[in-house]
Every structure is written in structure tokens, then in C-alpha cells.
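For the sequence shown, this note's numbering begins at 437 and goes up steadily by one.
Heads up, some of the hints might be wrong.
Said to hold, decoys possible - Pair ranges (Cβ atoms, derived):
no. : residue 1 : residue 2 : range
1   : THR584    : GLU455    : 40 to 48 Å
2   : MET571    : GLU473    : 20 to 28 Å
3   : LYS454    : ASP483    : 39 to 47 Å
4   : GLU558    : GLU468    : 52 to 60 Å
In case anyone wonders, no lab produced these hints; they're calculated from the structure.
Every residue, glycine too, gets a C-beta built ideally from N, C-alpha and C.
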Amino acid sequence: MQNKLPFEKIERKILIRKEAETNSNLGCPPEERKTEEIINYGIVNIDKPKGPTSHQVSDYVQKILHIGKSGHSGTLDPAVTGVLPVALGRATKIVQGLLTAGKEYVAIMHLHKEVDENILREIISRNFIGKIQQMPPLKSSVKRQLRTREVYYFDILEIDGKDVLFKVGTEAGTYIRKLIHDIG
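Build out the structure end to end from the sequences listed, making use of the hints.
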């Protein structure tokens, strides 16, 4: 079975309140929208490099596209690379919904010594799936206080000596580097 984040498990169906046609005077098909309109209601996924903060990346996008407003949907530490959704213009109103959504990460955990794969899987499944207690790292942008976070799944994809490639689905606000440290 494929592991899923909570929102992916919800069965959805389309509800039709009333059959109707759109008045062509009140808008246009997506392919006919002007670039300015698309940008003002858009979200771009940025492949954030190591170095800049999420806020800096959001500012870069704002300056490059010459828009008045942009906002990112969660913080990636400066040392972390990954996909950073940046909402543009009026789309910034929906960022709050993305902030609280579950997150999925792929990372490499470097162990101090080689560990039997079955033992590692046992430790992770027993202690690091479900509700966990996590203290933010010393270098973080939030107040350091113990927090409860949920790890939905933790899949070991590959082990090469002391390096463990894994995919993890977590509640928003989970620090992956801290999770790796705690597993160690």
C-alpha cells in the first residue's frame, strides 16, 4: 500500500448544486487569460537552493515578476534544498491552507556506524511513527519549546553502508534534521 498524507486519504466527490452555463461576459477560458491575470492568481513552485531563506526566495520572485505581493507556504531552512511553493498576488490568501498541510520529504540520514536494517526499521516504527515530541533545533526560526508533531510514515528507500535514503510524511512544522538526530 502506498503511504499517503492525511489529505490524500479523504474520499472526495464532485457536488453539483445546479446545472448551469457560465456567462461568457463574466470571464474567459483559462487558455485566454492574460499573463497579468495568471500571475496575480498564481502559485509557482521554486526549487530552493541551499543558501537563501524562504523569505528571501519569495522576495526574489516578487522582484523578478514585478508584483506587489508574494508569500511562501512554509519555511525551508537556509541549508535545505527543496520545493518551495510561492503564492503570487491575490493567491497569497490561500497560503494559510498550504502552511498547515502535511509535508513529504526525501532525505539522507548518515549514521555513525552501520546498523542492521531490521533493527533500524524496528527503532523507527516503534519510536518515530505517530505522535512524537520534538524540540526545535538550536538554530531555528521559532521559540525552542517542546512540541508534539505527527509522523505519518517513514519509508527507508535504500541503505548504502552508513547512509540511509528515506522518504517521510509529516505534520507541518516537523524538523527533519532534528528527527534524524533523534533517531541517531
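Each hint tested on the structure:
{"no.": "1", "hint": "THR584 <-> GLU455: 40 to 48 Å", "result": "holds, 46 Å"}
{"no.": "2", "hint": "MET571 <-> GLU473: 20 to 28 Å", "result": "violated, 45 Å"}
{"no.": "3", "hint": "LYS454 <-> ASP483: 39 to 47 Å", "result": "holds, 42 Å"}
{"no.": "4", "hint": "GLU558 <-> GLU468: 52 to 60 Å", "result": "holds, 57 Å"}
Taken one by one, the earlier hints fail for this structure only at number 2.
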